[in-house]
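> Listed below are the residues making up each chain.
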Amino acid sequence: MNILVLLKRVPDTAAKIKVAADGMAIDPAGVEFVINPYDEIAIEQAIQLKEAGGGKITVLCLGPKAATKDIRTALAMGADEGILLVDDTAGRDAVATADALAAAAGDVEFDLVLAGWKSVDTDDGSVTHFLAAKLGIPCVTLITKLELGDGQVAAHREVEGVTEVVEVKLPAMLTVQKGLVEPRYTSLKGIMMAKRKKIDERAAEAGEPKIRIRTMTPPPPRPEGRIVGEGADAVPALMQALSDEQKLL
Amino acid sequence: MGSGVLCIAESAGNELKKSAFELAGVGQRLAGALGGPISGALVGEGISGLVEGLGKRGLPKVYVVDDAALGRYTSDGYAIALKAVVQAADPAVILLASSAMGKDLGPALAARLGCGIISDAIALEVVDGKVHATRPVFAGKAQLEVEPADLPVVVSVRPNVFEPAASGDGAAETVAVDADLTGEQIRVVVKELLEPEERTIDLTEADIIVSGGRGLKGPEHFHLIEELAAVLGGVVGASRAVVDAGWRPHTEQVGQTGKTVSPKLYVACGISGAIQHLAGMSSSKCIVAVNKDPEAPVFKVADYGIVGDVFEVLPELIKAVKEKKGL
Chain A
612 MNILVLLKRV PDTAAKIKVA ADGMAIDPAG VEFVINPYDE IAIEQAIQLK EAGGGKITVL
672 CLGPKAATKD IRTALAMGAD EGILLVDDTA GRDAVATADA LAAAAGDVEF DLVLAGWKSV
732 DTDDGSVTHF LAAKLGIPCV TLITKLELGD GQVAAHREVE GVTEVVEVKL PAMLTVQKGL
792 VEPRYTSLKG IMMAKRKKID ERAAEAGEPK IRIRTMTPPP PRPEGRIVGE GADAVPALMQ
852 ALSDEQKLL
Chain B
16 MGSGVLCIAE SAGNELKKSA FELAGVGQRL AGALGGPISG ALVGEGISGL VEGLGKRGLP
76 KVYVVDDAAL GRYTSDGYAI ALKAVVQAAD PAVILLASSA MGKDLGPALA ARLGCGIISD
136 AIALEVVDGK VHATRPVFAG KAQLEVEPAD LPVVVSVRPN VFEPAASGDG AAETVAVDAD
196 LTGEQIRVVV KELLEPEERT IDLTEADIIV SGGRGLKGPE HFHLIEELAA VLGGVVGASR
256 AVVDAGWRPH TEQVGQTGKT VSPKLYVACG ISGAIQHLAG MSSSKCIVAV NKDPEAPVFK
316 VADYGIVGDV FEVLPELIKA VKEKKGL
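Top line first, the protein sequences correspond to chains A and B. Numbered per this note's numbering, the first sequence spans residues 612 to 860. Numbered per this note's numbering, the second sequence spans residues 16 to 342.
It should be emphasised that the hints constitute simulated quantities derived from the structure, not laboratory data. These numbers come from a predicted model, not from an experiment. Every residue gets a Cβ at the ideal spot worked out from N, C-alpha and C, and that includes glycine. Please note that the accuracy of each hint is not assured.
[As the list claims (entries may be wrong)] Below, in silico cross-link-like pairs of lysine-lysine (DSS-like), each with a Cα-Cα straight-line distance of 30 Å or less:
no.: 1; chain 1: A; residue 1: Lys858; chain 2: B; residue 2: Lys300
no.: 2; chain 1: A; residue 1: Lys629; chain 2: B; residue 2: Lys315
no.: 3; chain 1: B; residue 1: Lys337; chain 2: A; residue 2: Lys858
no.: 4; chain 1: A; residue 1: Lys780; chain 2: B; residue 2: Lys98
no.: 5; chain 1: A; residue 1: Lys858; chain 2: B; residue 2: Lys279
no.: 6; chain 1: A; residue 1: Lys858; chain 2: B; residue 2: Lys315
no.: 7; chain 1: B; residue 1: Lys300; chain 2: A; residue 2: Lys627
[What the hints assert, rightly or not] Here are some chain A residues the structure puts well away from chain B; computed CB gaps all over 12 Å:
no.: 8; residue: Pro675
no.: 9; residue: Ala677
no.: 10; residue: Thr684
no.: 11; residue: Val697
So that you can see chain B by itself, here it is in the shape it has in the complex (with noise of 0.2 Å):
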């Protein structure tokens, strides 16, 4: 049986993604408890130069399986490549972000493992020596403290949620592995991307998300909400009454059949907080709620509540911001 943890890194643009730090960090902590050693993945095409960025955080040793045809992703052409590393490095716990990709890739894993997933845990403990990991359900309106019927067990972490691993003067060595692949083997075919005009992080993994509702009285009112969110360094989100009226479009919704986000600051504007939202975004880190109605329900979840309009509200806020960050 397999001993210790592997933590399975995401870039993006030839960069690794802040999520592999916090896998690193809690990928240790685990390694540590269950008494194993801890190792990194790394899949893709050109991305073998990104090994020397996880040993800074920690992972003395690198799974590697640089191939062309996993150039671009495809959960077949992932998980394939995946399981021949977890078939070398023989870990007791997969980590993954449950990020975008992390929540096809890690059941489509899973699946060709044969094992469970816990998906999008938000805490994670060894008790004598068993995996013992919290995950929100509904949205975040209960938790569930779930643990492995046996191992090997794929689990996916929120993103945002595990402090990230320090940066050191760590080495890794790196392990090349052949998966083998084929071009039949990839079931799923991409043809083709569609890039928007500004691509922007998914709200999943975002830091910080400024949103807005009904209050905003129309769409031509949202510039204020991206203005607001691109002074902070933030995304824009929505609530689920402005997504359905065709507003706003519907990757931006927050909310239990939108996205369940845990940055650290959360900016909700004009939005009266149905259940189905709140449960949605009441992880994050910090609430600010701005709403005209003192009995809104948001305000019950908010850290710093402003009662007010948002048309007088968000230009000051706006302007206050730029004069912090000197923009």
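One chain only, chain A, in its complex shape (with noise of 0.2 Å):
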């Protein structure tokens, strides 16, 4: 069993965010860089199914060339081979970046792909979906579970509150969500095993965006808040605020 998996390099939730001086993308200054924290869910799914079953794990990222850094932890973590495709342009839109991944997937050789069903940058949750029409495979979202059987697997998606049980046939994409796996720390023998791994380093291709980006900014600022008191007896306040002020009660 041959498993793709995406990857992507993104700011530490942890981080703050601040718009760089052009108004067009973030300012990476003091930013510290990490996996994109669901892809990271998938790239373990993916070798405990390696670890299971066999196979080959071959790691995919669209990213400036410090994504090397990334990989090598994906390939220290269990994966087995990485591609890079280096792109430094801002702006790169879903459809434009699941071109170039899809060109790449071209050619590696697999049954299944893994990503995170979403990177939490762009908050965009497309790519995967533009992916899969490009490679004519089915998408299943969000799954927590997997299972696999002959040529499909089974797998579980949570949606609203129910969990829907699916099958779908080899090829697919899955996409993954928190509560699959815990993903591993990197120990230090898988370190020193991925320095001798390889990464296939290109230049990704261009692409046509479909939506171009305006500008970005900071977020508006909050209304300046109050605290109302201290304790339990701040309550009466509290309910007179929401009901005078908010009409909420």
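Starting from the two chains in their separate frames, assemble the complex, guided by the hints.
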């Protein structure tokens, strides 16, 4: 079973985000970048499937050259090979990203594609659908459980509090949600082994974005709030604010 | 080239969702500014009866795909059906809610149409005949203003942000669309639905959310959060810390690796306010924070704060809400 895992390098969720002077992207100064937390879950799931049944895991990443470090981390966790599509252009949209990923995925043999259900930077969640469509495979999103069958997978999707049990034939794209598996830490042995694993680096294919960025701005500031009081004694003041000022009660 | 706006209405339990009325509201404004027609779309099984409700909200024409193959949601089935609707209606802008379903369906539909998608829009304007949309990124730590390079474009709209269209005495014409669905086209088969004992509304669509954090000191104290949510008519949320600790299911997590929410009222209890949590909830209309640390970052985004122990404040607050509502 060969698995292709998508990986994106994103700012850590603990990072403060500042808009760059040009007003088109974030200012990366002082921001720590990490593997998209959902992609990390996808990598872990791929490794567990490989540990159970063998196969090869290829990590595919579109991003700046610095993303080599993140691919190396995935290799240290247990993936076998990496492909980095070097892309420094800001403002590549989901369609243009999927186009470049699809071109590279064409060179990889896979039965299954795993990825996070969205990246925590653009919060878009559509690249996987566009890529699946390009590759001509079905896409199952938000999975929290995965069982491999004969030429197919069974998965749980959690939607609005209900768990859907679905089946899909391979090859397929599955996007993962928190709760599926816990990503492992890299071991010293894994880190040493990862140094000898191959990362194929090439330029990302240029793409035509369907959605153009006009500006990036900080969120509008919230109106100044107030402390209504201390302890249980403050409850009447809060109740009054919620009913009289906010008309919520 | 197409013109006007198509609103994809979502329903649950044979009732239109509030998000459908929000789409009708923003859709009419956009269609007016773009100078094109407004219409609705309903797909599913046995949903034709919902057309009337959309007519009352100002959608004069509703395209319906009523098909047994659409009894359960699948991205394949719904996207195929809606592609047929889009071909019939020929809109410039296709609106749907950025709900749990919309987050899956929107990109699946855009991929089939070969067009772009703007996800989770919180503002939509027409400037010089062009659609400009604002969408939060980094869970709300920044926002982007974007525009489609060409049309049509799919736009998913964040629930609870736009004013719903008022109910009037309008009527809608039904246009039945045959999507020619065959079983083989639906590649993902839903075998079973595992229903929880009590079905709750998804956090992204909830009007009121009461969230608990580490200040609750243990999962056994979350009944306070549940009670307050129940008396307020809201749903339960949680911070990442308590989800990671296994106190609460990850489906309740609010924040950058959980759900980004915009309820009318967000009550943060015993949550100090890590930056990734604040990002996920700071677009709420009214924020209340209860925390014993007066320096907690959550007070910086709260409209109203109570500095105090959740174990003292919450029982009193539950009692007060009950009295106020006559429960």
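> So which hints don't hold here, by number, going up?
Violated hints: none at all, because every hint is consistent with the structure.
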